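Position one of the sequence shown corresponds to residue 13 (this note's numbering), numbered consecutively onward.
Derived by calculation from the structure, the hints in this document are not laboratory data. Since we're looking at a predicted model, the values are computed, not measured. Just so you know, even glycine gets a beta-carbon here, dropped at the ideal spot from N, CA and C. Just to be clear, a hint being listed does not mean it is correct.
As the list claims (entries may be wrong) - FRET-style restraints, in silico, Cβ to Cβ:
1. P205 - L184: 40 to 46 Å
2. D154 - P205: 51 to 57 Å
3. S40 - E120: 24 to 30 Å
4. T199 - A151: 38 to 44 Å
5. T223 - A75: 53 to 59 Å
6. C242 - P100: 23 to 29 Å
7. D161 - L138: 16 to 22 Å
8. L184 - L28: 32 to 38 Å
9. R124 - G42: 17 to 23 Å
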Amino acid sequence: MAKKEETDDVSLWERLDRPAAAPRASLSAGRIAEVAIGIADREGFAAVTMRKVATELGVAPMAAYRHVNGKDELWALMIDRVSGELAPVDEVSGWRDTLRAYALRTREMMLRHPWLAHMPAPLFALTPTRMAAAERQLASLDGLGLDVDTMMAAFRAVNAYVHGATQSEAALRQYMEEQGWQSADDTRRGLAPQMSYLMETGRYPTYRRYTQGAARKDDAAWQFETGLDCVLDGVAGMVERGHA
13 MAKKEETDDV
23 SLWERLDRPA
33 AAPRASLSAG
43 RIAEVAIGIA
53 DREGFAAVTM
63 RKVATELGVA
73 PMAAYRHVNG
83 KDELWALMID
93 RVSGELAPVD
103 EVSGWRDTLR
113 AYALRTREMM
123 LRHPWLAHMP
133 APLFALTPTR
143 MAAAERQLAS
153 LDGLGLDVDT
163 MMAAFRAVNA
173 YVHGATQSEA
183 ALRQYMEEQG
193 WQSADDTRRG
203 LAPQMSYLME
213 TGRYPTYRRY
223 TQGAARKDDA
233 AWQFETGLDC
243 VLDGVAGMVE
253 RGHA
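Assemble the whole structure, with the sequences as input and the hints as a guide.
Structure below.
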């Protein structure tokens with residue numbers, strides 16, 4: 013393990029940017045992240061430990077610690093690596109299309125890796141790949157008449173919606189799996205006793221009208237995108253006022 017006094021004030025990303033001295037081909041920060049992600053995808057976030065990662069890599073835990081100082085850095089590497097799935101959105105232009113494209117890709121990424129919902133929030137942002145995605149989105153809002161505080165607030169509002177909505181979707185999938193429900197119809201049947209009683213009280217007429225008349229209740233993608241457009245419409249109003 014690197015000496016403590018040598019690493020206390022040096023971030024993981026600064027260390028990784030330094031030229032490596034003949035690293036072992038079989039062990040690198042990227043390889044450690046790849047194995048940790050595989051464990052999380054199969055077994056969940058709680059299953060990821062440095063010891064388990066080292067075992068799957070076929071090395072002693074101390075060998076892994078030469079690259080990663082502990083669980084916080086391991087989590088950061090995992091987040092940075094999966095965030096590469098967002099990729100730069102070069103094929104779109106304009107703030108709305110840019111934010112929308114990143115939102116859709118973020119949802120897809122989080123559903124592929126539902127353990128992301130359990131990661132510490134500060135680490136979720138402070139990685140090079142995540143920062144690059146944030147920079148691209150903020151840059152799309154620059155020059156529209158918004159001050160920097162409002163730009164950041166708009167960016168965070170969109171991302172808060174994306175993460176909240178997708179976490180709820182992932183949580184429902186997990187709950188269905190735990191209950192052994194294979195479909196939305198299975199879920200409705202499983203929840204029918206509670207829902208029927210609540211609707212029959214007559215206290216929730218608008219919600220009852222939704223349950224009886226909704227045509228898109230099983231279309232998670234449509235629900236997500238419609239909610240996203242509601243948020244983006246709010247940003248559009250701010251942009252219009254900024255130009256006024």
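Structure-based check of all given hints:
no. : hint                    : verdict
1   : P205 - L184: 40 to 46 Å : violated, 18 Å
2   : D154 - P205: 51 to 57 Å : holds, 53 Å
3   : S40 - E120: 24 to 30 Å  : holds, 27 Å
4   : T199 - A151: 38 to 44 Å : holds, 41 Å
5   : T223 - A75: 53 to 59 Å  : holds, 56 Å
6   : C242 - P100: 23 to 29 Å : holds, 26 Å
7   : D161 - L138: 16 to 22 Å : holds, 20 Å
8   : L184 - L28: 32 to 38 Å  : holds, 37 Å
9   : R124 - G42: 17 to 23 Å  : holds, 18 Å
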